[in-house]
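Engineer: Can you make the complete structure from the sequences, with help from the hints?
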Amino acid sequence: MRAAPGGALALAALVLVTSFLAAALPRAVDRYEDSALRHAVANAAPRDHGISLAEDYGTSEDALGNPLAPSSLDAVEKSFRALLQPPLRLQPGGAVQGVRSGAEAEVPDPELPRTSEHAPGADLVAQAGLAEHSRVVAGRLPAPTPGKPALSLEGAVTERTAQVLHLKVGQTIHLMKFGATPLSVRISGILAPRDPSSGFWTTDDDLLAPLVSFPPHAMIDPPKTYWHFTVLIDGTAAQSIPLLGTGASLYWHHPLDTARLTAHDVPALRDELASLGNGPLATRLAADTGSSSLHAVAGIGGVLAAYDADRTAAHPLVLIAAVGVGTTALAVLLMAAGLAADRRRREIALLRSRGGSLRGIFGRLAGETCAAALPAGALGTTLALLLLPTGRYGDALALGALVTAAGVLALPLRATLAVRRPRPAEREDLVAHRPSRRRLVLELTVALLVAGAVATLRRRGSADGSDPYLAAAPVLVAVAAALVLLRVYPLPLRRLARPAARLRGAVTHLGLARAGRAPSGGQLPLVAMLVALTVASFGGSVLAGIAHGRDRAAAVAVGADARVDSLFPLDAALPAKVRKVPGIGDVAAVRVEPHAANQDVPLNYELLVVDDPAAYARITRSAGLPDLPPDAFGSGSAAGAHGPLPAVVSPKIAELLGDRTTPVPTDAGNCDIRPVAALSATPAATSGDFVIISAAQLHAQHPQLGALPQYGGPTMLLAAQAPGQHIDTAALRDAAAHTGPNAATVLLRSEQRAALADTPLQHGARTLYLSAVAAGAGYSALALLLSLMAAAPGRTALLARLRTMGLTRRQSRRLVLLEMLPQVVLAAGGGALVGLAAIPLLRPGVDLGTLAFGSGAGKASVVPPPALAVTLRADPWSLAVPSAGLLLLACAVLLAQAWASTRRHESTELRAGDRTI
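Numbering (the numbering used here), first residue to last: 12 to 928.
Errors might be hidden in some of the hints.
To be verified - Each pair of labels, with its calculated beta carbon distance range:
1. A742 with P676: 36 to 44 Å
2. G840 with R375: 39 to 47 Å
3. L459 with L408: 55 to 63 Å
4. S127 with H774: 26 to 34 Å
5. L408 with G463: 30 to 38 Å
6. D562 with T126: 39 to 47 Å
7. A742 with G680: 16 to 24 Å
8. G680 with D120: 49 to 57 Å
As the list claims (entries may be wrong) - Below, a list of computed lysine to aspartate or glutamate pairs in the DMTMM-like style, where the Cα atoms sit at most 25 Å apart:
9. K591 with D623
10. K159 with E128
11. K663 with D642
12. K89 with E170
13. K235 with D67
14. K188 with E128
15. K591 with D642
16. K663 with D611
17. K663 with E617
18. K591 with D745
It is worth saying that the hints were derived from the structure and are not from the lab. For each residue, glycine too, the CB sits at the ideal point set by N, CA and C.
Structural biologist: Okay, structure coming up:
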C-alpha cells in the first residue's frame with residue numbers, strides 16, 4: 012500500500028461500493044416487499060385484516076352450558092389462541108368477539124323515520140368490551156340481564172344512529188321477526204366511540220351509523236329503501252337474541268399484527284391459514300371447543316394470495332436487474348484486477364524467474380489485496396446493514412462476503428495464471444489470428460446456455476419468478492452477442508484500412524489498423540457495456556409495455572376521452588351541453604340496447620345505434636381502437652330507408668351471420684341487418700359482442716317511435732378531447748348531474764389511467780430496477796474508463812513518437828478517435844441492437860399482465876379485457892440514451908488524453924526500455 016497507494020485506494024473504493032450494493036439489494040427487496048404487504052393489509056376491508064371464527068347458534072343447541080354466555084365466548088377464544096404459532100401473530104388487544112342476531116328484525120314503531128313505506132330494520136349485537144370502547148353521551152350503558160332470556164331488555168345506540176332515527180334515552184322500540192311476541196328494547200343510553208377507526212367499530216359497517224338498505228324487489232318495480240341500524244346490548248343479554256326466531260351468529264375477529272408481518276412469512280402464513288380453514292388445526296379447534304360448526308374464515312387469505320401473485324410477477328424484473336448489474340460489476344472487478352496485474356507483470360515475472368512458487372506469489376498478492384479489499388468489503392456490508400434495516404441478514408452477508416472475496420482473489424488469480432508457464436515477450440497491441448480452443452469451447456458453452464434459456468423462457472414463460480436461469484436470459488443474450496461481435500468486428504476495420512492506406516497522410520490508415528488489431532483485453536469492457544445496455548433497454552421495454560398496456564386498458568374501459576352513459580335515455584339537451592364544456596371536441600351519441608341470444612343471433616350482444624357515424628369514427632380513431640370503415644353505412648339515411656340496414660359487427664357475429672340478412676329487434680321497431688364489416692373492438696361496447704347500425708337509417712324505417720326519446724334517444728355520449736386542450740371535469744360532471752331525471756355516470760380516460768398507477772409493490776420493484784440500471788450504467792462507464800486507461804500508456808508513447816515526426820495536435824486527436832472509437836461504437840451500437848433484438852426474441856415468454864394490472868386486489872375501477880395482451884415494447888429512449896452517453900463519455904476521455912499528451916515533453920515518454928510501441 013505504501014508503494015502504490017493510489018491503486019490500493021481505488022481497489023478499496025471499488026470493493027466498498029460493490030459490496031454495499033450487493034448487500035443492499037436483498038435488504039432493499041425485503042423492505043419494499045414488507046412495506047407493500049403491510050400497505051395491502053392496511054387498505055383491505057376490516058374483516059380482511061386477519062382471521063375470524065364464526066358459528067351459527069342454531070347448530071349448537073346440544074352444546075353443554077350456554078354458548079351465548081360471555082364465558083363461553085372467552086373459552087373458545089382461549090382454545091383458538093392456544094393453537095396459534097408463528098408466523099401467525101395476532102394484534103395485541105385487537106380481538107373483537109360477540110353475538111349478533113341471525114337475521115335482520117323489523118322495527119314497526121311508527122315514530123321512527125322512514126325513507127319509504129318499508130319499515131326500518133335492526134340487528135341486536137352483544138359485543139364484548141363495549142364500556143372500554145365507548146363514551147356515554149346520554150343515559151348509561153345497557154344493564155346486564157341475569158337469569159333466563161327475557162322479552163324486554165336494555166340497549167344503546169351511537170350518536171349518529173340516534174340523530175338519524177330520532178331515538179332518545181328511555182324510548183322503547185320493538186323488534187319483530189318470526190317470534191310470536193315482539194322483543195322490546197329500551198334505549199338506556201347514547202354512546203360515542205372512543206376511537207372510531209378501531210376494529211371494534213369498523214369490523215361491521217352498521218355499528219357506527221345506520222345504513223340505507225334495499226329490500227328484494229321485482230325487476231319491473233322501482234327499488235325501495237329503508238333504514239337499517241344496530242342496537243348494542245350487554246353480553247349477558249345475548250341469550251335473549253334467539254327469541255326473535257332468527258337464531259344467533261357468534262363471531263371472533265382477530266386482526267394480524269402487521270408490525271411484525273414480513274413478506275418472507277407469506278408462504279408459511281398461507282399454509283397456517285389453510286390448516287385452520289380445513290386441515291389439522293381446524294380438527295383440533297373443533298375437538299378443543301366441542302363444536303363441529305365452529306369454522307375459521309381467513310379474510311386475509313385473499314389479500315395474501317393477491318399479494319403473492321403480484322410479488323411473483325415482479326420477481327423477474329428484480330432478478331434481471333440483479334443479474335445484469337452483478338455481471339457488469341464482476342467484469343469491472345476482473346478488469347481492475349487485470350489492469351493491476353499488467354502493471355506488475357514484470358515484477359511478478361521476476362519473482363517467478365527467481366524461484367518464486369505460484370502458491371507463494373498467490374499468497375503475497377492475496378495479502379496485499381486483503382489489506383485494501385477486506386476492510387472495504389466489511390465497511391460496505393456494514394453500511395448496507397445499518398442504512399437498510401430489516402429482519403434478515405443472511406443474504407446480505409453472503410453477497411457482501413462474495414464481493415469481498417472476488418475483490419481479494421481477482422488480482423492473485425489473474426497474476427498467477429499469467430506466470431504459470433514461462434512465455435517469451437510478445438507485442439501487446441496484437442490479437443491472435445486464431446483464438447485458442449479454450450475460447451472456442453467457452454463461446455460454444457455460452458451459446459448453448461443462451462439457446463437453452465431463451466427456449467425455456469419462450470416455452471414456460473416468466474411465471475416462475477424465482478428462476479435465476481430464466482432471469483439471466485437477457486444477460487446471456489448480451490454475453491453471446493459480445494462474443495460474436497468480438498469475432499467479427501476486426502474484419503470490416505481491416506478491410507477499411509487497406510483503401511485508407513492509399514489516402515494522403517497516414518493518420519487514417521494507422522488509426523484503423525490499430526483499431527482492427529486491438530488486444531484481446533478488450534473483451535471484458537465490451538461484455539460489461541453490452542450487458543449494462545441490454546439490461547437498461549430490456550427494462551425500458553418492460554416499463555414501456557406496462558405503460559402501453561395500461562393506456563390500452565383505460566382506452567377500452569372508457570372508449571373515448573370522456574363518456575357519459577346511463578341505463579335509461581339521456582336528456583335531449585345533454586349532447587348540446589356536453590359540446591359546450593371546455594376542452595370537448597367531437598361528441599358522438601349512441602343508444603345501447605342489450606340483447607339476449609335468440610334463434611337468429613345465438614349470442615348475447617349489444618346493439619349500438621350511432622347518431623353520427625363520422626364523429627363516432629373520429630372518436631374511435633383518437634382512442635386508438637380499430638377504425639370504423641368510412642363507407643360502412645353508405646350515404647345518409649337513404650342507404651337504409653328500404654331493405655336491410657348495413658351493420659358493423661364483432662368477429663363472432665360476423666362468423667355466425669356471414670353475408671345473410673338477419674332480423675334484429677330494436678326499441679324503435681324491428682329491422683333487418685346485413686353485416687358489411689367486422690371490428691375486434693369498438694368504443695361504445697362495454698364488453699362482448701356488438702352490432703353497430705346508423706340511427707338515421709333506423710329512424711327512417713321507424714320515424715314515429717324513433718322520434719321519441721324513450722325509444723330512439725341515446726343512452727351514451729362519447730367525447731374526444733379538443734386538440735391542445737384539457738377537458739373541464741367539473742363542468743362535465745355538472746352538466747351530466749343537472750340534466751334530466753335519469754342519473755348519468757361520467758367516466759374519464761385520464762382518471763381511469765390514473766387508477767392504474769403502480770401499487771406499492773410495483774413501485775418498489777420499478778424503483779429498484781431503475782436503481783440497478785443506474786448502477787449498471789456507472790459500472791459500464793467505469794469499464795470504459797478502465798479500458799481506455801489500460802491502453803493509455805501505449806497510446807501516449809505512440810503519440811510522443813509520432814510528434815517527433817511532425818504529428819500535429821489536430822492529427823493526434825483524430826488518431827486517438829480513430830483508434831478507440833470503433834470499439835466504443837461497437838459497444839454502443841451493439842447494445843442498442845441487442846436490446847432491440849431481445850424484445851421479439853423474449854416477448855413470447857414474458858407476460859406483463861399481472862405486473863401491469865396486479866392480481867385484481869385493490870383494483871376497483873378498471874378491469875382490463877381478457878383479450879388485452881401486455882408484452883414487451885421497444886422504448887427508443889432506453890435504447891438510444893445510454894448508448895449516446897457512452898459515446899460522449901468516450902469522446903471526452905479520449906480528447907482529454909490527447910490534450911494531456913500534447914502538454915508533456917517527448918523525452919518524458921520516450922525512455923530506454925519502454926516495451927510499448
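Engineer: Honestly, do A742 and G680 meet the 16 to 24 Å range at C-beta?
Structural biologist: Check failed, 37 Å falls outside 16 to 24 Å.
Engineer: Are K663 and E617 close enough, with their CA atoms no more than 25 Å apart?
Structural biologist: holds (13 Å)
Engineer: Taken at face value, is the distance from the CA of D642 to the CA of K663 at most 25 Å?
Structural biologist: Within the cut-off at roughly 22 Å; holds.
Engineer: Hint says 49 to 57 Å; check whether the CB-CB distance for G680 and D120 agrees.
Structural biologist: Hint holds: Cβ distance 52 Å, inside 49 to 57 Å.
Engineer: Compare the distance between the alpha carbons of K591 and D623 with 25 Å, and conclude whether the hinted pair is satisfied.
Structural biologist: Since the Cα atoms of K591 and D623 sit roughly 18 Å apart, the hinted pair holds (cutoff 25 Å).
Engineer: Given the hint that K188 pairs with E128, does the C-alpha gap stay at or below 25 Å?
Structural biologist: holds (18 Å)
Engineer: Is the distance from the Cβ of D562 to the Cβ of T126 consistent with 39 to 47 Å?
Structural biologist: holds (43 Å)
Engineer: Would the pair K591 and D642 pass a check requiring their Cα atoms to be no farther apart than 25 Å?
Structural biologist: violated (29 Å)
Engineer: Can you confirm whether the C-alpha distance between K159 and E128 stays at or below 25 Å?
Structural biologist: At roughly 36 Å apart (the allowed maximum being 25 Å), E128 and K159 break the hint.
Engineer: K235 and D67: Cα distance at most 25 Å?
Structural biologist: violated (30 Å)
Engineer: Against the 25 Å threshold, does the CA-CA distance of K89 and E170 hold or violate the hint?
Structural biologist: With a Cα-Cα distance of about 33 Å, the restraint between K89 and E170 is violated, given a limit of 25 Å.
Engineer: So if I understand the rule, the pair passes when the alpha-carbon distance is 25 Å or less; does K663 with D611 pass?
Structural biologist: At roughly 14 Å apart (the allowed maximum being 25 Å), D611 and K663 satisfy the hint.
Checked against the numbered hints above, the structure breaks hints 3, 4, 7, 10, 12, 13 and 15 and satisfies the rest.
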